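**Student:** Sequence:
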Amino acid sequence: MADNLSLRQVVEAYMARVPAGAVTTYGDLAALAGQPTAARLVGGIAHTGNEQLPWHRLVNSRGKLAAGYPGGRRTQQQLLEKEGVSCTDFLVDDFDLRRWRPR
DNA sequence: CTCGTGACGGCGA
DNA sequence: ATCGCCGCCACGA
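In terms of my numbering, the first sequence is residues -2 to 100.
Hint data in this document are derived by calculation from the structure and do not stem from the laboratory.
These numbers were taken from a predicted model, which means no experiment stands behind them.
Heads up, some of the hints might be wrong.
[Unchecked claim] Now the in silico label distances, taken between C-beta atoms and shown as ranges:
1. Leu2 x Leu88: 15 to 23 angstroms
2. Arg100 x Pro33: 13 to 21 angstroms
3. Ser3 x Gly81: 17 to 25 angstroms
4. Gly31 x Arg96: 17 to 25 angstroms
5. Gln6 x Ser83: 27 to 35 angstroms
6. Asp91 x Gly69: 19 to 27 angstroms
Even for Gly, the Cβ is constructed at its ideal location relative to N, Cα and C.
Build out the structure end to end from the sequences listed, making use of the hints.
**Tutor:** This is the structure we're talking about:
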């Protein structure tokens, strides 16, 4: 499905669906979009796409916060903790449990 | 039209 | 454990 849409469109759609208090990875979104190897795309989308998207809920495959976020990972961690996601040194606690999954 | 780059991921040395 | 390379798709110049 959504074969008509570009990966970008699909990824944005999934990103928008990630609920507060949960996190997802670039690779997961890419995989959901059908391109598990296009994790880079997700990264690019996160920063070039809609600012209202919950980009702060995106972490790398290890549950660590984004590497090159222009405001500093500190900001992202603040946002996550504010949503109930506790982090320790830029690492999401219980990452596996908080990993969001579509249904 | 072509070229380069990127909020990443996984594997090899 | 660390470091480096390639691959992937989309978009800007």
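**Student:** Against each hint, give a clear statement of whether it holds in the structure.
**Tutor:** Right, here's what the structure says about each hint:
no., hint, verdict
1, Leu2 x Leu88: 15 to 23 angstroms, "violated (33 angstroms)"
2, Arg100 x Pro33: 13 to 21 angstroms, "holds (19 angstroms)"
3, Ser3 x Gly81: 17 to 25 angstroms, "violated (32 angstroms)"
4, Gly31 x Arg96: 17 to 25 angstroms, "holds (19 angstroms)"
5, Gln6 x Ser83: 27 to 35 angstroms, "holds (32 angstroms)"
6, Asp91 x Gly69: 19 to 27 angstroms, "holds (23 angstroms)"
In this structure, the earlier hints numbered 1, 3 are contradicted, and the remaining ones agree with it.
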